Amino acid sequence: MSTASDLTDQNPSSAPVTVSATPPKRGLPGWLRGVIWAVVAIGVLATASYLTGVNTLTSTNTAQTALRLALPILFCALGGLWAERAGVINIGLEGMMILGTWGAAWGSFYGGVWAGLLAAIAFGALGGLLHAIATVTFNVNHIVSGVAINLLGLGVTKFLASLIFTPISGNPKQSPPVPKFDTYSATFLSDWLGDLEKQQRVGISDAAGIIRGLITEVSPLAMIALLLVPLSYLVLWRTRFGLRLRSCGENPVAAESLGVNVYAHKYVAVLISGGLAGMGGASLVLLANGADYLENQTSGRGYIGLAAMIFGNWRPGGLLGGAALFGYADGLQLSGGGTAVLALLYGAVILLGVIVIVQLVRRRWFAAGAGVVGAAVLYWIYWANDDLPSDLIPYTAHFVTLIVLAVASQRLRAPKADGARYRRGEGD
Amino acid sequence: MSNPERGAPVVELSGITKRFPGVVANSDVNLTVRAGEVHAVCGENGAGKSTLMKILYGMQQPDEGSIAVNGETVRLRNPQDAIRAGIGMVHQHFMLADNLTVQENVLLGAERLHGIGRKARERLAELAKQTGLRARPDVLLERLGVADRQRVEIIKVLYRGARIVILDEPTAVLVPQEVDALFETVRSMQEEGFTFIFISHKLDEVRAIADTVTVIRRGTTVGTADPKTISSHELAEMMVGSELPSPETRESTVTTRDVLRVVELRLDAEGSDRAVLDHISFEVRAGEVLGIAGVEGNGQTELVETIMGMRKAAGGHLELVDADGAARDLTKLGTLARREAGIGYVPEDRTRHGLLLTQPLWTNRILGYQTRRPVAKGQLLDIAGARKDTERIVADYDVRTPGIDVPAAALSGGNQQKLVVGRELSGDPVLLIASHPTRGVDVGAQALIWEQIRRARAAGLAVLLISADLDELIGLSDTIRVMLRGRLVSEADPATVTPQELGSAMTGAEEGA
Amino acid sequence: MTGWRTKILPPLLAIIFSLIISAIALVISGSDPFEAYGTMVKQLFVGSTAVDTVNLASVYYLSGLAVAIGFQMNLFNIGVEGQYRFAAVIAAIVGGALQLPPVIHTVVIILVAAIAGAAYAAIPAVLKVTRGVSEVISTIMLNSIVGGIVAFLINPKQFGVQTGNDVSTKPIPESGHVPGVPLGAGTLFGFVLIAALIGFAYWFMLTRTRFGFELKASGESGTAAAAGGVNAQKMTLIAMLLSGAVAGMVALPELLGRDYSYGITSTQMYGFTGIAVALLGRNHPAGIGLGALLWAFLDKSAVSLEQIQVPKEIATIMQGAIVLSVVVAYEIVKRADLAAEQRRVGKALAGNGKRKPADVSEGGAV
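Chains as they are written, first to last, in full-length UniProt numbering: chain A, 1 to 428; chain B, 1 to 513; chain C, 1 to 366.
Quick caveat, the hints were computed from the structure, so don't treat them as lab data.
Small disclaimer: the values here were computed from a predicted structure and weren't measured.
Treat the hints with care, since some could be wrong.
As the list claims (entries may be wrong) - 27 Å max Cα-Cα, derived DSS-like pairs, lysine-lysine:
1. C/K170 x C/K157
2. A/K416 x C/K234
3. C/K7 x C/K334
4. C/K216 x B/K312
5. C/K42 x C/K300
6. B/K377 x C/K234
7. A/K173 x C/K312
8. C/K300 x C/K312
9. C/K216 x B/K388
10. B/K119 x B/K129
11. B/K388 x B/K377
12. C/K216 x C/K234
13. C/K216 x A/K416
14. C/K42 x C/K312
15. C/K234 x B/K332
16. B/K332 x B/K312
17. C/K216 x C/K7
18. B/K312 x C/K234
19. C/K216 x B/K377
20. B/K332 x B/K377
21. B/K312 x A/K416
22. C/K216 x C/K334
23. C/K7 x C/K300
24. A/K173 x C/K300
Claimed, not checked - Restraint-style ranges between C-beta atoms, simulated for each label pair:
25. B/G378 x C/I104: 29 to 35 Å
26. C/R344 x A/G259: 34 to 40 Å
27. B/R112 x A/T183: 40 to 46 Å
Ideal placement from N, C-alpha and C gives every residue a C-beta, glycine not left out.
All chains should be modelled from the sequences, with the hints used to inform the complete structure.
Structure (structure tokens):
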């Protein structure tokens, strides 16, 4: 994102002088990798839950809370994906999300939940439009513009809230109660899984608990969010429009030379990005037993969404994993508190153990060694404490983000022209 | 699109004139390309070849003149128009996206032709066979070597149905075997009726591949000839003309005192242990200009940046000897310390490595010298000193500028380069590294820069000169070393060597040719 | 001279533009914009508002400086928010625990704050330099985490004291205070002077020292700076630590001049304001000063607006609109200026008699 001096970039003379490329190893298909990760995650959690005796790790309640908390993050991560694949860094997601929360409450109050959702999308997209005007048309630094939009989003929302909601709710910081989405459960399956969970069978009950949480009292918004993940993949990677959009994020000059309207694609991408962020805002307001519009209710979730997207390596499947991780970390600390987070540490130790074995098999001694040290430190924390300071527990997701980024950042691959200035006709 | 008869004119440029503010890039250019031929367009760097091709590819519009394709006058307002007219261009700096697959790179912008599914893949496979690309279509482009990237560029052009292909300096980044393979592809496609416009300033290549050659000098066409019959000497004279300043160095000033000793230098490619530079050993003596010849991309850039400490060597040893004979080991020093030890550095890309474009000229004087008088005193800058010394450079090196407070970006390329050369000769260097010192500068600036290098050499400076301009290399150097695939492979005496001999040494075909 | 235009015109345009935008918003909400603007100006002469504005501006000024140091080399220290709150709570705890003679006590608190701010900034700095983690994301995470750290540290179980419903650090004894200057109805923070001194030091560092040059060079062109012998990683580290150190002092004007303890209810968001102020002031020490004053003025005017039944959030809208339009305006003016400069150079040279030689591959062909 910044201009750390990479001497090799854009320097055609330093391209590799190889004659032919080595044939690449054939990787696993993405969906299979996702399934494997899910199985490993459940396995680790089940083991940790069994060994520590903390059932909250895999309880229905935890999974349900995690899903609810993951939604805004997932929406924002998708929003980040669309913008950054087109080469626009969107740190203004937070502001667009705030606009979305207000839009959701306003629309829902006057026209029902679906109107609320539409209003949220529209308000978010409005923020996106501003960001596009600043970054694409005027070439303002993307981060600067994003920060400005976060400020403006907050200001406009506060203003609108005090203008529209104060006369009704008597409180400028809060909207009146608004209609919420109904929830749906796969009742039959849910009951059966409930029985299974109660049987306390290692592994099976854990999996049942988690799955039951994901199919009980699910709102349409959650279904939309989960549908948007494969949909984004299909549009971005399997259509002409998606190819053109991604080319704007990788090499806009080349795209231009091939007749792609770079400005238009960037505009569309950032508008979609804003709309998704707005839906993220709606998912804070319109969920059953969620808050109505509340000032400062987003509390940085837009940023965490961005982090989830980076964690997911700018891929839809990856960011789903990132959003799930943050949602879970957050849901766990809410439903289980310090002891549950300690148990999660225990789970992390197990996961590290698995990774160390994999690295040993691959003969990556240094990585394995680092894994052992990390596991030892975590285990020591687990062993030395009965509880973690309650003041710090709510920030579990943030700590996880930092650690994950520190470990994985160098393996990540941002779109090449992400955040770069582009002006029509300036390439060589 | 009809397939014109072989030998019929397919592209006719007549009276093309293109002006930029204060500059005439092309004036009254006439060029006729016939179907099925390889037509070379030759000329020195900056002669106006690129502008002409940009006009033909619709990236720029001519101020005067007309373009006819297949006998019909056309207006090419953008590359899409050119593509529709059957013209494709393989850019010198590839227009490819690293993080997209081969297939995506080819299909981008041309999705309408065959969709993005099975039909597109079949067509792609066909073209891959034709051009000799072996990479799978779903491989990310970043995994491809330069030659394969070029093949992808050619496929891109063919996929869009082009019958007239502009190759803009296609060999600049290739090693000899790759050049051979490219020429083979070109020949076989020529058989199938494709027409090529081949931009180059390398005479041996032009003679190897072209059926016709048109020479451009100072923005205008000098003449058209058959490369099989015209002598190299005649061709060179057409290109260079007779009134151009010659860079010839008069008497030798080479001393016996080594200034730079490079021993067994090695540099690995980032993130792998493949050597980009290997077994590099040489000395530069006081009063000597050591020229490094080589096709671009054979490690010259990396060599310079490793000597400057901007890249970290994987092995080997560097030593700088000052005027009193005291040797200093540079191997472990950073860029700044190496500069302080007495290295002046004229980078090959002045806008990326030599200047702070939005800063005024006097601030640019400080860059690289921020620890030294007259522009700094200890940790503080000496602004008055910097301004005064910039005034001196502007006067001595004839930098055309209204003042020293204008941003560097406002100057023309030649004047920017004069400023950089002036700065790098100001710090009392014992060694000057000049990388393509006259690339993209006007003739006047070129003469001045050559003169300054010669004067510095006479005063006992050691100079390491990297250039793609063989005349410049031969004219300025006391010794020439040839670089090929990251190694110094042979040595030449500039007093006796011809550009042709040097050219074949650079392509590794020394013995064969 | 075009330099003057580049500096003054964009913020002026931005302020006018935001006045228009907020006037529209005011009309929509059924208020009279002229009355609102009039009230905002008039409030300056009521009671201690003017002095309070300057006091608040000193806080914003420090925050803006901290952000600007990073901005100079394209380093986005969004983390000033976290750094100042971390530094504030540490400084308040240390200051409350120590018994030292006056002046020395104050100096120790200031130093502790600077070091604490730098230490908190060291986390993203080290992550960036060694692991390549974008400072934007890491500082944002640390901004959130700091809330937990503050709550943890001022928990009565650790260092806090409970007074009624409020939890805060132990008050700093008088020897650690920075005395204020009584002025009209209010009291000007003594720290305003220190902030001005830091601003001067920033200016001096930037324009007169080698470090400042290297900082600017890195920001302008990483490649050119590297070729000129500037070590990018070292610069990143130092700039981030320096930025953190200045950020560490953001809370001190209020801590040492008014509050004397740092609590859970102490004002937040100063760090984010600093970003806006730095953008307004174009990273220039005087510009940041004006930006800080403007921002503080708008903040203060919110109160007076409420008294005439105008939604006080209009001030926030103005702030947001100013920032967004000022960055756009700077960009436009900068572009126009470079073009003008190039024309000027061309014109000056055309008078030389000799035609400027062709320079195709540089100026022309691209």
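How the hints compare with the structure:
1. C/K170 x C/K157: Roughly 13 Å between the alpha carbons, so the hint for C/K170 and C/K157 holds.
2. A/K416 x C/K234: With a Cα-Cα distance of about 25 Å, the restraint between A/K416 and C/K234 holds, given a limit of 27 Å.
3. C/K7 x C/K334: The given pair, whose Cα atoms are some 10 Å apart, holds under the 27 Å limit.
4. C/K216 x B/K312: holds, 25 Å
5. C/K42 x C/K300: holds, 12 Å
6. B/K377 x C/K234: holds, 21 Å
7. A/K173 x C/K312: holds, 12 Å
8. C/K300 x C/K312: holds, 10 Å
9. C/K216 x B/K388: Status holds; Cα separation ~21 Å.
10. B/K119 x B/K129: Holds, because 16 Å separates the two Cα atoms, which is no more than 27 Å.
11. B/K388 x B/K377: Holds. B/K388 to B/K377 sits at ~15 Å (cutoff 27 Å).
12. C/K216 x C/K234: holds, 14 Å
13. C/K216 x A/K416: Cα-Cα ~25 Å, so holds.
14. C/K42 x C/K312: holds, 16 Å
15. C/K234 x B/K332: Since the Cα atoms of C/K234 and B/K332 sit roughly 17 Å apart, the hinted pair holds (cutoff 27 Å).
16. B/K332 x B/K312: Roughly 9 Å separates the two Cα atoms, so the pair holds.
17. C/K216 x C/K7: holds, 17 Å
18. B/K312 x C/K234: This hinted pair holds, its Cα atoms lying about 16 Å apart.
19. C/K216 x B/K377: holds, 18 Å
20. B/K332 x B/K377: holds, 25 Å
21. B/K312 x A/K416: OK: B/K312 and A/K416 at ~24 Å, within 27 Å.
22. C/K216 x C/K334: Holds. C/K216 to C/K334 sits at ~17 Å (cutoff 27 Å).
23. C/K7 x C/K300: Satisfied, since the Cα-Cα distance of roughly 26 Å is no more than 27 Å.
24. A/K173 x C/K300: holds, 19 Å
25. B/G378 x C/I104: 29 to 35 Å: Holds, at about 30 Å.
26. C/R344 x A/G259: 34 to 40 Å: holds, 37 Å
27. B/R112 x A/T183: 40 to 46 Å: Holds: the Cβ-Cβ distance is about 45 Å, inside 40 to 46 Å.
The earlier numbered hints are all upheld by this structure, with none contradicted.
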